[in-house]
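Chain A is already provided as a structure; the job is to place chains B and C on it using the hints.
Residue numbers (the numbering used here), protein chains in the order written: chain A, 1 to 311; chain B, 1001 to 1143; chain C, 2001 to 2146.
In case anyone wonders, no lab produced these hints; they're calculated from the structure. One thing to keep in mind: the hints can contain errors.
Only part of the chain A face toward chain B is listed, based on derived beta-carbon distances under 8 Å [claimed, not checked]:
| no. | residue |
| --- | --- |
| 1 | 36 |
| 2 | 43 |
| 3 | 51 |
Label-pair ranges, simulated between beta-carbon atoms [unchecked claim]:
| no. | chain 1 | residue 1 | chain 2 | residue 2 | range |
| --- | --- | --- | --- | --- | --- |
| 4 | C | 2031 | A | 66 | 54 to 64 Å |
| 5 | C | 2105 | A | 65 | 33 to 43 Å |
| 6 | A | 269 | B | 1099 | 20 to 30 Å |
For every residue, glycine included, the Cβ atom is placed at its ideal position computed from N, Cα and C.
Here are the chains, one letter per residue:
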Amino acid sequence: MADSLQGIFWIVVFPGFLFTVLLGLVASWIVRKVSALVQWRVGPPFYQPCVDVIKLMGKEILIPQQAHKIVFMAAPLVGLSGVLLLATMLWRTAINPTEFFVGDIIVALYLMILPSLALIFGSSASASPHASLGTSREMKLVMSYELPLVLALIVVIIKSGGQLGLAAIAEQTPALTVSGMLAFLVSLLCVQAKLGFIPFDMAEAETELAGGILMEYSGALLAIWKLMQTIMLIAMPLFLVMVFLGGFGAGLLAGIGKLVLVLVLLILIKNTNPRVRIDQAMKFFWVYCGIALAVAVALAIIGNNYGIAWL
Amino acid sequence: MDWKIWSLKKSPWVFHVNVGACNNCDIEIVNCLTPKFDVERFGIKLVGSPRHADALLVTGVGTRQAVKRLQEVYRQTARPCVVFVIGACACGTGIFHEGYHVEGPVDKIIKEVDPNAIIAYVPGCPPKPEAIISGVVKALAVL
Amino acid sequence: MNQSELNNKLAQIKDKLIAFEQPAANRIYLLCESENAFVVNRFLFEQVPARFVIATGIDSDNCFEIIYHYSYDQTGCVINLKAFIRDRDNPSIESITPFLPAAEWIEREIHDVLGIDFRNHPNLKRLILADDWPEGVYPLRKEVKK
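Bound-form chain A, shown alone:
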């Protein structure tokens, strides 16, 4: 009984929903503020993402007449729950690596695909031609970046000597090796695509598709999508930090520094690139990233077999 209460506390308050959402809103504001500064603007005030979510909760929910209502309303909740569980799992392992917490890297990979699936289901249920275009683009994008992400994680698993537990993986710092650095760079771009940032935001293309996948959503359902994207803004860099950069082992401050570093890299890539077409994105992920990762996996295996640490 106390166990389940403690579990609920972990998921809802710390380090689950409330904690990650607050951090995520701060990260969201950092993204907008840095983007504004890069464009020589002033940008929104500190509380802006928070007020955005509050305002969305207060608007009415409009559901299209031909939409599949159950899937339409359940999709954001599924996405939010998946990414929330992922964030809780990652934070628990980061803060308390010795204590066994459910989940290893396979579970993390599985949970990471839930938000994308939820987006696809939600927009398919929208019964709108723009949303269906967004759906097809999102599906193609997911098929493109999942493969390089898994290959990059294979490099990590080779580096950690075959262990799958997140705590064991977080002790290594693969980014300091050649193959690990290659894998880190590729997975950074995969995370950029998963978060829906430019240059890979063709699914929710505002100027082309009038909102794309989230076009028919309004009010509280849109607020849940925004919360899901906010939590992903913390969960995905945290995953990268733990898997590639050595986690929170060197102390809390170092861990937060690494998180901010990954976030700043994402923001800089976002602000200096135009949006690419979906066929360009597919070619990029399958051909260029695939070849780079094949080389990385080969280097990692060679390094592992012959004991060369920096390879």
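For chains B and C alone, kept in the frame of chain A given last:
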């Protein structure tokens, strides 16, 4: 409720609709988002879908073809919402008063669907971005 | 060709024209009846050759006029062909779209607002009037008030 209007004032998301404008007012609206005027510091964001929007920025004299479309877009905007009517043509048909294709100023078209619509007028041909920002800020203060 | 050679070339179809006016060095007005407009247009587009710019429809005192504007880019000369349509009740003229596809939309627009029928036009559908605009009401004619 009070918190709804307060949060609406702090973060109004706008959707731009052109119902027959010469594009001058549209250019001035997009100018507001550029670094010189930067309305993102008020929380104003240009969104792609009327369902995400709190304010409609309507430009252009209401042409006959656009009447049904504008009414449909207004119905799709989630309440509570405000309509900003930008430019002399939209406020009162401007120089196209005698045109054969003109179906009346924009507020007449919107009031057919919703007599209680909240409409704010920003006249000018085209209104300068300073005028648009001032109009938006004044309207939000009165809400 | 320079300007004098252009004038000489245009003299070849003088028999189809009512008048040849040149108010300035690089402005030429050719006036003709609507029956000859097709041949003159073809000559201007294919033989001169001049670039078709746009067409204008006018509701004049006792006739309709269609002015075809051509540009001869080598000398900067603008050649305007005025075709008079005398029949005000059933105005009709041969369409030049079969050999000049660029004229398709402007002829549709003139048909929409002035009601001039273009014979042999491949696609004479409504272009700029609203979907629920009543048929047979041509807004730019003099007798139609708002």
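Hint check:
Using the Cβ-Cβ criterion of 8 Å, the hint placing residue 36 (chain A) at the interface with chain B is satisfied: the shortest such distance is roughly 6 Å. Contact between residue 43 (chain A) and chain B, as hinted, is supported at the beta carbon level, the nearest pair being about 6 Å apart and thus within 8 Å. Taking 8 Å as the C-beta contact cut-off toward chain B, the hint placing residue 51 (chain A) at the interface holds, the least distance being around 4 Å. Look at residue 2031 (chain C) against residue 66 (chain A): about 59 Å separates their beta carbons, and that is inside 54 to 64 Å.
Look at residue 2105 (chain C) against residue 65 (chain A): about 36 Å separates their beta carbons, and that is inside 33 to 43 Å. One distance hint, 20 to 30 Å for the beta-carbon pair residue 269 (chain A) and residue 1099 (chain B), is violated here, with the actual separation near 49 Å.
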